[in-house]
Amino acid sequence: MHLTPDQIGTYREQGYLAVRNVFTADEVRELQRVTDEFVERSRGVAEHTDVFDLEPGHTAAEPRLRRLKAPHRQHPAYDRALRNEAVLTPVRQLVGDGVRFQNTKLNLKSPEFGSPVEWHQDWAFYPHTNDDVLAVGIAVDDMLLENGCLMVVPGSHRGPVLDHHQDGVFAGAVPPGGFVEQAVPIELHAGDISIHHARLLHGSAPNRSQRPRRFLLFEYAAADAWPLVDFPGWEQFNDRLLCGDPTATPRLEPVPVRIPLPKHARAGSIYEVQSALAESAFG
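According to the numbering used here, the residues represented by the sequence shown are 672 to 954, in order.
To be clear, the hints were calculated from the coordinates, so they are not data collected in a lab.
Certain hints may be false.
Stated by the list, open to error - Pairs of lysine-lysine, DSSO-like flavour, derived with a Cα cap of 30 Å:
1. LYS740 x LYS934
2. LYS934 x LYS776
3. LYS776 x LYS740
What the hints assert, rightly or not - Simulated restraints on C-beta separations:
4. LEU948 x ALA919: 21 to 29 Å
5. GLU950 x ARG754: 23 to 31 Å
6. MET672 x ALA936: 27 to 35 Å
7. ALA757 x GLY849: 36 to 44 Å
8. ALA717 x LYS934: 37 to 45 Å
9. ASP750 x ARG691: 19 to 27 Å
10. THR760 x GLY849: 22 to 30 Å
Note that CB positions come from ideal geometry on N, CA and C, so glycine has one too.
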C-alpha cells in the first residue's frame, strides 16, 4: 500500500498518520485469535517474564496481560505482520529503501482496566544518529477514545526532546503541560495502522470500555540510523535488517538528543520505567 503525496506531507508536518484497511479481515482474525491464545497462556504465570508483562491485579482466574514482549519471536503471525509489504512499503517511503526494525511489542488493555501510557517521546528511550525512526501500530481491535486509543500532539516531533527524568533518574515520561490541550486521538478500526515519528509526543488513557484494546507496535529505523545507546552488536543489529544492505557508515544529522540514563531500579518495560513517576497524568 503506497502513501499518497498528501499523506507523506501530513506525516512530515504533523508527525503521524492513520492508514485504513492495511490488513485484511482474515489477517485481523488471525492476529485476534493468536492474541487470545497468549492471554490464555498468561494464566499460568504470576509475575513478569521475558515474554509476559502483567497488569497489577493479574490472576489465573482473571488474566490481565499488559504486554507481550518481542511478539515477532513468539508466533509466526506477528513475524509476518512485521515483514508485511503493506506495512514496509509506506515505511520505505518515509525513511528510505533501507529499513531495520528497532523492536516489537504488543500492548494490551483489558476491558474496564488497562494501564495508561504516560506522555512521552519514543526518541527519549532510543536516540539514534538521525531521526528517520518511526513506529507503526496495528489495530488488532477497534481503538477509539473510549477504550484508550493513542493520543498525539501534532507537530511535536519538530520541537525539542523533552526531559523524561524525575529525581535524577530516567522515568520515561514527561509531566503533563499545556500540550495536553493540543492532543488529538488516532482512532482506528481493526486492520488499520497508525504511523508516528519517534520524536512525536504521545500517550494513552486507561481502557474505560467493556471491549479489549490490543495494539501491535513495530518500531522501524532507516538502515543508516544507528542507536546511540544499547547497541546490540554487529550481527544482531544486522539480523534486524528487513530491506537494503548493512552499512558501517551511520548517517549523522543535527538532531536533538537526551540520553536515557541513569536508569532506576525498576527498569524494564515502559510501564515499569514509568512507575517511577510520582503522579499519573491520566489519574
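Evaluated hints:
1. Taking the CA atoms of LYS740 and LYS934, the gap is near 20 Å; set against the 30 Å cutoff, the hint holds.
2. For the proposed pair LYS934 and LYS776, the alpha carbon gap of about 21 Å is at most 30 Å, so the pair holds.
3. The hinted pair formed by LYS776 and LYS740 meets the criterion: a straight-line CA distance of about 5 Å does not exceed 30 Å.
4. Distance hint check for LEU948 and ALA919: the Cβ-Cβ separation is about 39 Å, which falls outside the suggested range of 21 to 29 Å.
5. The hinted range of 23 to 31 Å is not satisfied by GLU950 and ARG754, whose Cβ atoms lie roughly 40 Å apart.
6. Between MET672 and ALA936 the beta carbon distance is about 43 Å. The supplied range of 27 to 35 Å is therefore violated.
7. Taking the beta carbon of each, ALA757 and GLY849 are about 37 Å apart, inside 36 to 44 Å as hinted.
8. For the pair ALA717 and LYS934, the supplied restraint of 37 to 45 Å is violated, since their beta-carbon distance comes to about 25 Å.
9. Roughly 24 Å separates the CB atoms of ASP750 and ARG691, a value that falls within the hinted 19 to 27 Å.
10. In this structure the hint that THR760 and GLY849 lie 22 to 30 Å apart at CB is violated, the actual value being about 37 Å.
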